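Trainee: Chains as they are written, first to last, in the working numbering: chain A, 1 to 207; chain B, 1 to 207.
The hints are simulated quantities; they were obtained by calculation from the structure and are not laboratory data.
Model, not experiment: these values are computed from the prediction.
No copy is singled out in the list; a pair is fine if it fits within one copy or between any two copies.
Listed below are the simulated DMTMM-like cross-link pairs for lysine to aspartate or glutamate, each with C-alpha atoms no more than 20 angstroms apart in a straight line:
1) Lys191 x Glu181
2) Lys54 x Asp18
3) Lys54 x Asp42
4) Lys20 x Asp63
5) Lys191 x Asp63
6) Lys191 x Asp70
7) Lys20 x Glu147
8) Lys112 x Asp127
9) Lys91 x Glu147
10) Lys191 x Asp42
11) Lys112 x Glu129
12) Lys191 x Glu99
Protein chains: 2
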Amino acid sequence: MVERLVAYRRHLRRWLADGKPRIYSHELAGLAQVTSAVVRRDVMTIGYTGSPAKGYAAAGLVDRIGRVLDPPQRPGVALVGLGSLGRAVLKHFARLHPELRFVAAFDVSPEKVGRIIDGCRCHGSADLETVLRADPALVGIIAVPGEAAQDVADRLVRAGVRGILNLAPVRLQTPPTVYVEDVDLAVSLEKVVFFARPETERLEALA
Amino acid sequence: MVERLVAYRRHLRRWLADGKPRIYSHELAGLAQVTSAVVRRDVMTIGYTGSPAKGYAAAGLVDRIGRVLDPPQRPGVALVGLGSLGRAVLKHFARLHPELRFVAAFDVSPEKVGRIIDGCRCHGSADLETVLRADPALVGIIAVPGEAAQDVADRLVRAGVRGILNLAPVRLQTPPTVYVEDVDLAVSLEKVVFFARPETERLEALA
Numbered sequence: 001m002v003e004r005l006v007a008y009r010r011h012l013r014r015w016l017a018d019g020k021p022r023i024y025s026h027e028l029a030g031l032a033q034v035t036s037a038v039v040r041r042d043v044m045t046i047g048y049t050g051s052p053a054k055g056y057a058a059a060g061l062v063d064r065i066g067r068v069l070d071p072p073q074r075p076g077v078a079l080v081g082l083g084s085l086g087r088a089v090l091k092h093f094a095r096l097h098p099e100l101r102f103v104a105a106f107d108v109s110p111e112k113v114g115r116i117i118d119g120c121r122c123h124g125s126a127d128l129e130t131v132l133r134a135d136p137a138l139v140g141i142i143a144v145p146g147e148a149a150q151d152v153a154d155r156l157v158r159a160g161v162r163g164i165l166n167l168a169p170v171r172l173q174t175p176p177t178v179y180v181e182d183v184d185l186a187v188s189l190e191k192v193v194f195f196a197r198p199e200t201e202r203l204e205a206l207a
Numbered sequence: 001m002v003e004r005l006v007a008y009r010r011h012l013r014r015w016l017a018d019g020k021p022r023i024y025s026h027e028l029a030g031l032a033q034v035t036s037a038v039v040r041r042d043v044m045t046i047g048y049t050g051s052p053a054k055g056y057a058a059a060g061l062v063d064r065i066g067r068v069l070d071p072p073q074r075p076g077v078a079l080v081g082l083g084s085l086g087r088a089v090l091k092h093f094a095r096l097h098p099e100l101r102f103v104a105a106f107d108v109s110p111e112k113v114g115r116i117i118d119g120c121r122c123h124g125s126a127d128l129e130t131v132l133r134a135d136p137a138l139v140g141i142i143a144v145p146g147e148a149a150q151d152v153a154d155r156l157v158r159a160g161v162r163g164i165l166n167l168a169p170v171r172l173q174t175p176p177t178v179y180v181e182d183v184d185l186a187v188s189l190e191k192v193v194f195f196a197r198p199e200t201e202r203l204e205a206l207a
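Bound-form chain A, shown alone (with noise of 0.2 angstroms):
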């Protein structure tokens, strides 16, 4: 249900900035590619209402999401690992998200230390701990090679980070009270490739 809220109030979003105040749940629906149903229940089970003649008040509804999705205050987010899927990651969320607050970025090359990239402060790696104890992240991104992948979850966990996103190719260790949302690019990738072969083809591999 996180999932389809986050998508909801995407859609809400495009959909206020075309001019348009209200929308009707199968118009919602369709956007988001459920049922009807579906979005009734989800937006029911958020203590929104609409009415059946004239849809929900989209700007109300992306507000009610809102309160749901969002922490009270601006979440803090650590990003550990400036290679270019780092960067990428930085510049994309800096400009999409302004409701997220970089706390910091966390490089080892000594050409990034001390520089200030797409906004945010990029320290030493060495000094995560120090810098995490002055200014807490709720949410550590890994955008490291997978050898350091560990280490650094290891430490951002120490640090007080309560949810990972892991965009590093290793499967993470963490306490059950940590949250890990792992993406694998290469993994997607290749799963694509598998399947974009002719089945005949997949199938003899597989005989």
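Start from chain A and add chain B according to the hints.
Mentor: Chain B alone, transformed into the frame defined by chain A:
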């Protein structure tokens, strides 16, 4: 199972790089975080055999997995969108996945068109059909803004692409014969932020 094979191969290559020629099912299971029974069943499914006493020959198993996962020819990949995310993806795969062949990249920005970026020629998006007619791609990667993604997908499909890695924050409509894998960094990060919050706070937000 495809995801597990991808993971096995990655762990086996690292194992071999550490100078270890043989691996037991429980060792591979530990690395891939599945049970030994799952490893043994997967390996049997792809027609490879080991011995209970000596385990599997790691190099042979890598080869066998490759015969299942990798198409007979190096698959052609077309990348559409060379913003920060598209460029990060290109850099990432060009360096770590030489088995993929980037046929072409496409962008609308005049300062990118005609240049070679990370080893891949960048064409104007208007030339997508012409370029892919001369050098077809099995797979397309979509890294354009959400508004443009569906149109790009339609054109890739007409140009013969059979699988799409979609990095744009929209659901694509494609024929059932085309495999689509969505990677939406924003949704992943919003999920992490949500689940990183203390449980009491999350429940209050829903109440």
